[in-house]
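Using the UniProt record's numbering, read the sequence shown as starting at 1 and increasing by one per residue.
Read the hints as simulated data drawn from the structure, not as lab findings. Being a predicted model, the structure only gives us computed values, none of them experimental. Just so it is clear, CB atoms sit at the ideal spot from N, CA and C, and this is done for glycine as well. Among the hints, a few may not be true.
Stated by the list, open to error - For lysine-lysine, the following DSS-like pairs were computed, each having C-alpha atoms within a straight-line distance of at most 25 Å:
#1 Lys224 with Lys242
#2 Lys209 with Lys247
#3 Lys270 with Lys209
#4 Lys270 with Lys40
#5 Lys225 with Lys242
#6 Lys247 with Lys225
#7 Lys225 with Lys146
#8 Lys247 with Lys224
#9 Lys270 with Lys146
#10 Lys242 with Lys209
#11 Lys40 with Lys146
Unchecked claim - Distance ranges between label pairs, derived from CB positions:
#12 Glu278 with Glu27: 36 to 44 Å
#13 Lys40 with Lys247: 38 to 46 Å
#14 Ala233 with Leu113: 20 to 28 Å
#15 Pro281 with Met1: 23 to 31 Å
#16 Gln28 with Glu54: 20 to 28 Å
#17 Val183 with Arg17: 44 to 52 Å
#18 Arg17 with Arg249: 41 to 49 Å
#19 Ser184 with Glu27: 55 to 63 Å
#20 Arg50 with Glu278: 24 to 32 Å
#21 Lys247 with Gly55: 42 to 50 Å
#22 Glu54 with Ile165: 19 to 27 Å
#23 Ser184 with Arg252: 16 to 24 Å
#24 Gly55 with Ala230: 51 to 59 Å
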Amino acid sequence: MYALILNPSSGSGRALRELPRIEALLEQEQVEYRVDSADKPGDLRAFAARAVEEGLEGIIALGGDGTLFEILNGMARSDLTLLLACCGTGNDFSRLFRLPNDPVEALRMQLHLPLSRIDIGRMNEFYFLNVAGTGLDVEVLVQAEKYKFGHSGLGPYLRGLRDAIRFFRPTNARLIVDGEAEVSARFTILSLGNGRYIGGGMKAVPNAKPDDGLLDLVLVRPVKKWQIGALLALYVPGLYVKTPLAKVRRVRTLEIACPGMTVNLDGELKPCDRARFEILPAALRVRLPGLAPERRVAE
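All chains, full assembly: derive it from the sequences and hints.
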C-alpha cells in the first residue's frame, strides 16, 4: 500500500483539484493506496513518519517542493519508495528528471519504472533533496513569498529578485570543506546542489547529479549592487558558473559558521548560526528516469 500524502494548498489549490485524476490513475493501475490530507502544519511530516512505522510500500507526494521537503523529513533513512506527483509553484526537483508537467502523467511514468536510489542531503537535523544555501538566493525567497499566491513558475521569483537587490549585502562566514582547515569567506551566493534548479527553473547548480554521492558547492564572490543584474542574467540559465565570479567544487561535507544566518533548504528557510551539511549516498528509493543503471536495486 502507498500513502498518498496531499498538501491541498500546493499550487494555489492545484494539488487538491488534481486528486480525483490521481485516484483514477491509481485505481486503473490497481495500486492500493490511502489518502492522507494535511490540515495543519506538521501533518505532512507526521503522515510520512506514520507510513514508515506501518511498513507501507511507499509514499506518493501530491504537492510541490515544500511538500517534498516535509515528507522527506518524515521518511528519511527508511526503505519506503517516494513517488512524485508535483503540482506546486516551482516543481524544481522533478524538473531535474524531466518528468511531465501533468502530475498524473508523471506518476504514470514512475509506476512503470524500476526501483532506483538517489542521494539526499542533510543540514544539521534537517534533510533536503534539491538545493541548499545562503546569501542572495535566501533574500530572493523571502521576497518571492508575497508574489506566490495565484502564480507559478519563474514569475514570483523574478519579482522576488527585483526586490531582493534593494536589501542584499554580501555574507561573511567561516567555512570548513571536507574537514579541511577553516577559512574565512565573503560571498554573494553559496549553493550546495544535490539537484540543479531553484525558483521555478533557475539553474542554481547546473552540473549537480542526484546519484553521484557528492554535493556540488558553488561560491560566488561579492559583487557591487549595480553588477547584480548582470550576475542574475547569467544565473538563471546557469552560465554564471563558467565565469570568474564563481568557484565550483564537489564535496561530501561543508560547515558554515555565520551568526544570524538563514539557510535555504529546498525553498524552506531555516535560521541558524552554524550549519553542517553532508551527503547521504543512495539514501532514498525512487522510480525516476535517467538514473545510472548501477544505482538500481533489485525489486
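Results for each hint:
no., hint, result
1, Lys224 with Lys242, "19 Å, holds"
2, Lys209 with Lys247, "17 Å, holds"
3, Lys270 with Lys209, "24 Å, holds"
4, Lys270 with Lys40, "19 Å, holds"
5, Lys225 with Lys242, "21 Å, holds"
6, Lys247 with Lys225, "20 Å, holds"
7, Lys225 with Lys146, "23 Å, holds"
8, Lys247 with Lys224, "18 Å, holds"
9, Lys270 with Lys146, "18 Å, holds"
10, Lys242 with Lys209, "18 Å, holds"
11, Lys40 with Lys146, "20 Å, holds"
12, Glu278 with Glu27: 36 to 44 Å, "41 Å, holds"
13, Lys40 with Lys247: 38 to 46 Å, "42 Å, holds"
14, Ala233 with Leu113: 20 to 28 Å, "36 Å, violated"
15, Pro281 with Met1: 23 to 31 Å, "28 Å, holds"
16, Gln28 with Glu54: 20 to 28 Å, "25 Å, holds"
17, Val183 with Arg17: 44 to 52 Å, "50 Å, holds"
18, Arg17 with Arg249: 41 to 49 Å, "43 Å, holds"
19, Ser184 with Glu27: 55 to 63 Å, "58 Å, holds"
20, Arg50 with Glu278: 24 to 32 Å, "27 Å, holds"
21, Lys247 with Gly55: 42 to 50 Å, "45 Å, holds"
22, Glu54 with Ile165: 19 to 27 Å, "48 Å, violated"
23, Ser184 with Arg252: 16 to 24 Å, "22 Å, holds"
24, Gly55 with Ala230: 51 to 59 Å, "53 Å, holds"
Taken one by one, the earlier hints fail for this structure at numbers 14 and 22, listed in ascending order.
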